[in-house]
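Novice: Protein chains in written order, with our numbering: chain A, 1 to 215; chain B, 1001 to 1146.
I should point out that these hints are in silico values taken from the structure, not numbers from a laboratory. All residues carry an ideal CB built from backbone N, CA and C; glycine is no exception. Don't take each hint at face value.
Dumping the calculated EDC-like pairs for lysine to aspartate or glutamate here, alpha-carbon to alpha-carbon at most 20 angstroms [what the hints assert, rightly or not]:
(1) K1016/B with D1069/B
(2) K1071/B with E19/A
(3) K1071/B with E23/A
(4) K26/A with D1099/B
(5) K26/A with E36/A
Counterexamples of contact, computed for chain A against chain B with all Cβ distances above 12 angstroms [unchecked claim]:
(6) I49
(7) I75
(8) H162
Output of the computed footprint for chain B on chain A, the stretches with three or more beta carbons under 8 angstroms from beta carbons of chain B [said to hold, decoys possible]:
(9) 9-23
(10) 27-41
(11) 152-159
(12) 200-211
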Amino acid sequence: MSHTAEHSSFLAHHFSDAEQQRESAKLGMWIFLLTEILLFGGLFVAYAIYRAWNPDMFHNAHYQLDLRLGTINTIVLITSSLTMALAIRSMQLGNKKGTIRNLILTLALASVFLIIKYFEYSHKIHLGQLPGKFYTFTGIEGNNPHVFFSVYFLMTGLHGIHVTAGMGVIGWILYRTARNHFSTQYYTPIEMTGLYWHLVDLIWIFLFPLFYLIG
Amino acid sequence: MSKPASTHVPHILPLKVYLSVAVALLVFTVITVYISTLNFGPFNLVVAMIIAAIKATLVALFFMHLRYDSKLYMIIFVAAVMFLAVFIILTMFDTMARDKIYDVKARPINPMAGMYDSLTVSQPHSVPDTAALHRQLPADTSGKGH
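Looking at chain A on its own, in the form it has when it is part of the complex:
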């Protein structure tokens, strides 16, 4: 059995068939996503503690964030999740052009997200709304407003690093799609990239109300 002509190029020798290989990859990916949730989890706990200690300061400080830009970024990221899902669907249908188009759209939307984030960051750096001892802004009432910006920069910064890493992976997937590495029979790397990208979207879904929408 085994190494016959029917054996496909993508099936690693230690898997009995492609289905087992696909399910193993997915299991590994989900366990990785679990560690990602727990990585951000530590920062969500830090957020919860500092907000519980300084509810009024958090409320006053959140007015310094640009709700309009935050909302636009949420819409941009949700749309990029849609195009990522459609990229996988196109490959499932054997539509390579559709996959490439949707991956490029996802990359473009991710760039828009980072560019908007850049403008938000540079505005805050300009005003001195920075973490810890770098904080020089004076317009926020309440105790320790620099703590809000420490948590803000840590959480959105780690998220931004994830967006950047995701763009790298999407670029790699785009290259491999163009090189005809994928088909209706094998598109696991695109699917795994999709899972990662949706998790990045999922984390932003919580960051957005926690920072921009404090009632």
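Got chain A; can you put chain B on it based on the hints?
Specialist: Frame of chain A, contents of chain B only:
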């Protein structure tokens, strides 16, 4: 015998499902932004988190295919969320109830956070020199609104 790879039939969701989920996510985004402009007091956070949880569920079930895949992946995802919930809830029990046991006096950290540079650390087992702390604090710690 190993099955030929060509037996794989991808589970393809209709385009309509993806588009409806995306529209639902965008509608929930608009709703949550609108609701944040109303004032429900402490319920604002609760409402915002419920809407975020609904959005996250939609992303996980449809975009991430959890609804259609093996339940094993669902178990991993839910386990991560549950451990995170335990992490947050137990920490909040601690940090919110600490002053019921010990006499904890809230004291602002120096707004410029420069105290870390000038505090003496030669006595690791003694309490911080509170007089030095207070010298660091500006006269008005309640902020200077423009």
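Novice: Against each hint, give a clear statement of whether it holds in the structure.
Specialist: Hints, verified against the model:
1. K1016/B with D1069/B: Status holds; Cα separation ~19 angstroms.
2. K1071/B with E19/A: Holds: K1071/B and E19/A sit about 16 angstroms apart, inside 20 angstroms.
3. K1071/B with E23/A: holds, 12 angstroms
4. K26/A with D1099/B: violated, 46 angstroms
5. K26/A with E36/A: holds, 15 angstroms
6. I49: violated, 5 angstroms
7. I75: violated, 6 angstroms
8. H162: Check passes; 15 angstroms lies beyond 12 angstroms.
9. 9-23: Our answer is that it holds, as 8 residues pass the Cβ test (under 8 angstroms) against chain B, meeting three.
10. 27-41: With 8 residues closer than 8 angstroms to chain B, the stretch 27-41 of chain A meets the three-residue bar; holds.
11. 152-159: Per the Cβ count (0), the hint is violated.
12. 200-211: Holds: 7 residues of the stretch 200-211 of chain A have a Cβ under 8 angstroms from chain B.
Violated hints for the displayed structure, listed by number in ascending order: 4, 6, 7 and 11.
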